[in-house]
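Quick mapping for you: the protein sequence lines, in order, are chains A and B.
Numbered by the working numbering, the letters in the first sequence go through residues 1 to 315 in order.
Numbered by the working numbering, the letters in the second sequence go through residues 1001 to 1300 in order.
Treat the hints as calculated values from the structure; they're not laboratory data.
Please note that a few of the clues may not be correct.
[Said to hold, decoys possible] In silico lysine-lysine, DSS-like type, Cα no more than 25 Å apart, as pairs:
1. A/LYS22 with B/LYS1293
2. B/LYS1045 with B/LYS1168
3. A/LYS122 with B/LYS1059
4. B/LYS1059 with A/LYS308
5. B/LYS1168 with B/LYS1290
6. B/LYS1059 with B/LYS1045
7. A/LYS122 with B/LYS1290
8. B/LYS1168 with B/LYS1059
Given the structure is predicted, the values throughout are model-derived calculations rather than measurements.
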Amino acid sequence: MLDSKSLGTVKKSIPERRLFYKEYMGRSIVTICGLFMIALTVSIGAFLIYKGTGTFTRYGHSVFEFLFSAEWSPMDSGTQSGGGVGAAIYIFGSLLTCGIALAIAAPFSLAAAIFITEISPKLGARLIQPAVEIFVGIPSVVYGWVGLTVLVPFIRDTFHAPMGGYSVLAASIVLAVMIFPTITTVAADSIRCVPVMYREAAYGLGSTRWQTIYRVTIPAAAPGIITGIVLGLSRAFGEALAVAMVIGKTRAFPAGLLYPTNNLTAAIAADMGNSADGGEHNLALWSMALLLFLISMLFIMVIHMVSKKQEGVCE
Amino acid sequence: MNTKTMTRHSLRARRMDRIMTGVFYSVGGFFLLLLLVLAGYIMIKGFSDLQPELLSFNKNGIGNQFFNTIYLVFLSLLISVPIGIAAGIYMAEYARPGKTTRFLRVSIEALSSLPSIVVGLFGYLVFILLTGAKWNLMAGAQAVSILSLPLIATTTEDALRALPRSYKEGSVSLGATHWQTIVGVLLPACFPRIITGIILAAGRGFGEAAALLYTAGQSVNINWSNWNLLSPTCPLNPFRPGETLALHIWGMRTEGSLYANSTQIANVSAAVLMLMVFGFSLLARLISRKIDKKTGGQGD
């Protein structure tokens, strides 16, 4: 009697128990996955720091030497040390190409963003926006390949550049084409965020469209535009293969825009496979990767600081 | 200020306005032209004097690389889709505002802005050096999944947050638990959006090269009659080296001497890669347009 009774209650509560089981299971699984993202980011950072600081701890080079010396001759046999690990050429190459790329891309992107949002939203939505999305989707190696087969010979033939057209200019143009969609999209979003009231007020005071755009809309959307530019910059900084294809990869400061040089990502991509694990050369390359990581963190911080300012305007 | 200077001023302003409008139109036109020229150039270069042999599935063609590209992205989605969706659910439904959640958000942002070469190096260190394995597809897939995880997670979160509150309220008021609501009501409702995100992630995966340089390897050796999963030449073995199309383009530049027609191979690879990416972004666009139509009446 008693047995069957208790059996009955157990049977009754099984679906309920399974319900709770599923509830907590589901919750735990998604929580673990969420925490996994944190763990992944932290472990990427930790591994990079572990590997990247080897140059300074194990081989005793100073951070100053790494950042500002142009003496790059790391040893690549076992644990031998004594070479120079000055990455100034690579750092300068990255800064220069990204800077020029930004100088080319930023005005164009801003103009395209204004066209999409203010001048002709219809054409913008029909033609420019899809075009921008396609530009985003084109793989970076394809950009590099087109740069290599079109841009490099073009620069060689028109400007008679040394080193057959492999140059800072070619790398900057390739980067500019790559980052323009990023800047355009983010800038357009932020311009759209500016309340219509602002524009109506400007028009009401007798402004022309252009006056409204550069006196009212652009300043109001400035934080978002800056965010877009920083995002573009961070994409340009991290781009490896497209730049490596056209920059020429010479270990020297460029004498001009038409001269080849090298940058951080191209050096890592080209040399990592040829360096002995744990050697001076290898760890110096890891230090470069760490530098890239730190720069991308810096960009995120800048974006956070800037976007805090926009909160008052948007939404 | 008298009326004369006023009119002159406004005349100048109006002329400036017209000039700038012209400038904006020409910038817009310039971009369209640039895209048309770029896409046209790649397609024409790739397919104009195409030898059918280049598309074959052997050493001379790019068929194996094509297969590797799709297989690698498929493997990477197997990893990133479940984890990404789960993390998105966590952020939208369970995460309480606080330090952990803020840190999670920063982590995802950091992941999505990591240079792909850095992710590639991390993959090289963890999946190749630490495991002692040779370059293999699985390592490449894991590296690519690190890159697509943040995209899938944020898409899922945004999609869940965009749903009307009434969905959740209705489900809960019928006696469903939170988890039942998520699985039975919320996820199906934002399924198309999540699919769009996954397609975009896949499209990005096709073109990834820097992250695969030191993970998936730059060689391919497939025997199409070998279906023993453990054999290193079996097409479906995820632990064999697998060069993708994007890597092949990179390789053709440096190892050009190995192939007489390396330029042609790279041109065709670039064109095929572009077609794949176009196809996927078109698909994502179609799906998201369908969603807009479906939710057009009730959105906002």
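Self-check item: Structure versus earlier hints, numbers of those that do not hold, lowest first
Solution: Numbers 1, 2, 3, 4, 8 - these are the hints that the structure violates, sorted from lowest upward.
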